[in-house]
Amino acid sequence: EPEVTQTPSHQVTQMGQEVILRCVPISNHLYFYWYRQILGQKVEFLVSFYNNEISEKSEIFDDQFSVERPDGSNFTLKIRSTKLEDSAMYFCASAPASSGNTIYFGEGSWLTVV
Amino acid sequence: GEDVEQSLFLSVREGDSSVINCTYTDSSSTYLYWYKQEPGAGLQLLTYIFSNMDMKQDQRLTVLLNKKDKHLSLRIADTQTGDSAIYFCAETLTGTASKLTFGTGTRLQVTL
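From first to last, the protein sequence lines are chains A and B.
Okay, so the first sequence: first residue is 1 according to this note's numbering, each after it adds one.
Okay, so the second sequence: first residue is 1001 according to this note's numbering, each after it adds one.
It is worth saying that the hints were derived from the structure and are not from the lab.
One thing to keep in mind: the hints can contain errors.
[Unchecked claim] Below, simulated SDA-like cross-link-like pairs (lysine to any residue); rule was C-alpha separation at most 25 Å, straight line:
| no. | chain 1 | residue 1 | chain 2 | residue 2 |
| --- | --- | --- | --- | --- |
| 1 | A | Lys83 | B | Leu1046 |
| 2 | A | Lys78 | B | Val1019 |
| 3 | A | Lys78 | A | Asn52 |
| 4 | B | Lys1070 | B | Glu1014 |
| 5 | B | Lys1036 | A | Lys83 |
| 6 | B | Lys1070 | B | Leu1112 |
| 7 | B | Lys1068 | B | Asp1083 |
| 8 | A | Lys83 | A | Leu30 |
| 9 | B | Lys1070 | B | Ala1041 |
| 10 | B | Lys1056 | B | Leu1112 |
| 11 | A | Lys42 | B | Val1110 |
| 12 | A | Lys42 | B | Leu1046 |
| 13 | B | Lys1036 | A | Gln14 |
| 14 | B | Lys1056 | B | Gly1040 |
| 15 | A | Lys57 | B | Lys1056 |
| 16 | B | Lys1036 | A | Asn52 |
| 17 | A | Lys78 | B | Thr1047 |
| 18 | A | Lys78 | A | Val12 |
| 19 | B | Lys1036 | A | Val114 |
| 20 | A | Lys42 | B | Thr1030 |
| 21 | A | Lys83 | B | Val1110 |
| 22 | A | Lys57 | B | Thr1062 |
| 23 | B | Lys1036 | A | Pro96 |
| 24 | B | Lys1056 | A | Asn52 |
| 25 | B | Lys1067 | B | Gly1082 |
| 26 | A | Lys42 | B | Ile1049 |
| 27 | B | Lys1056 | A | Ala97 |
| 28 | A | Lys83 | A | Gln14 |
| 29 | A | Lys42 | B | Thr1047 |
| 30 | A | Lys42 | B | Gly1015 |
| 31 | A | Lys42 | B | Leu1112 |
| 32 | B | Lys1036 | A | Trp110 |
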């Protein structure tokens, strides 16, 4: 069964460093998302991406964050100048079409900022 | 804004039925989902229901939706130890490109 894959599964980075989290969505999907889950808290929406542009973003997704689909298969989340509070599990997700369709999540990338 | 709430913890005995409840605030929810998260793992889509339905059954899983009360439940029949996990309900609203709003998650513990 096709699945969303994410790398790395775990990354430790120093505060102030840049991090890139990578995702390979399911191949025929058109909508891509990043969510995050701070330990013990709710899963929170960060950003949705369609047709090579951001379609919606939350207030969490400030100028520190950016997304890119560089080559038609990968979907990346870049976090510039990481802060301690960026430590979280970051989930990539994809869906074949907009609202009403099933949204599949990857296994997550656990980011620890020290 | 939208808000989704769940009870934090549920303990059941193996073989019994589990019922996990969820309430949401926004009446323009179109789809409601249940996801399962095992320790250290990702979010596994279990099932979803469209807002014009009131029930959906899928093997051991039954989803009930009371749109008037904005209440969603997930019933797991014959609960097994492998069902131990955190269960999240989530909703999407019309016109938000499938942005999901998640509940707090319910930790299901299955005891022998």
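The hints, checked one at a time:
no., hint, verdict
1, A:Lys83 with B:Leu1046, "violated, 34 Å"
2, A:Lys78 with B:Val1019, "violated, 39 Å"
3, A:Lys78 with A:Asn52, "holds, 16 Å"
4, B:Lys1070 with B:Glu1014, "violated, 29 Å"
5, B:Lys1036 with A:Lys83, "violated, 29 Å"
6, B:Lys1070 with B:Leu1112, "violated, 33 Å"
7, B:Lys1068 with B:Asp1083, "violated, 29 Å"
8, A:Lys83 with A:Leu30, "violated, 31 Å"
9, B:Lys1070 with B:Ala1041, "violated, 29 Å"
10, B:Lys1056 with B:Leu1112, "violated, 28 Å"
11, A:Lys42 with B:Val1110, "holds, 22 Å"
12, A:Lys42 with B:Leu1046, "holds, 18 Å"
13, B:Lys1036 with A:Gln14, "violated, 32 Å"
14, B:Lys1056 with B:Gly1040, "violated, 29 Å"
15, A:Lys57 with B:Lys1056, "violated, 31 Å"
16, B:Lys1036 with A:Asn52, "violated, 30 Å"
17, A:Lys78 with B:Thr1047, "violated, 31 Å"
18, A:Lys78 with A:Val12, "holds, 15 Å"
19, B:Lys1036 with A:Val114, "violated, 29 Å"
20, A:Lys42 with B:Thr1030, "holds, 20 Å"
21, A:Lys83 with B:Val1110, "violated, 38 Å"
22, A:Lys57 with B:Thr1062, "violated, 33 Å"
23, B:Lys1036 with A:Pro96, "holds, 21 Å"
24, B:Lys1056 with A:Asn52, "violated, 35 Å"
25, B:Lys1067 with B:Gly1082, "violated, 30 Å"
26, A:Lys42 with B:Ile1049, "holds, 21 Å"
27, B:Lys1056 with A:Ala97, "holds, 22 Å"
28, A:Lys83 with A:Gln14, "holds, 9 Å"
29, A:Lys42 with B:Thr1047, "holds, 19 Å"
30, A:Lys42 with B:Gly1015, "violated, 29 Å"
31, A:Lys42 with B:Leu1112, "violated, 29 Å"
32, B:Lys1036 with A:Trp110, "holds, 18 Å"
When the structure is compared with the earlier hints, violations turn up for hints 1, 2, 4, 5, 6, 7, 8, 9, 10, 13, 14, 15, 16, 17, 19, 21, 22, 24, 25, 30 and 31 and for no others.
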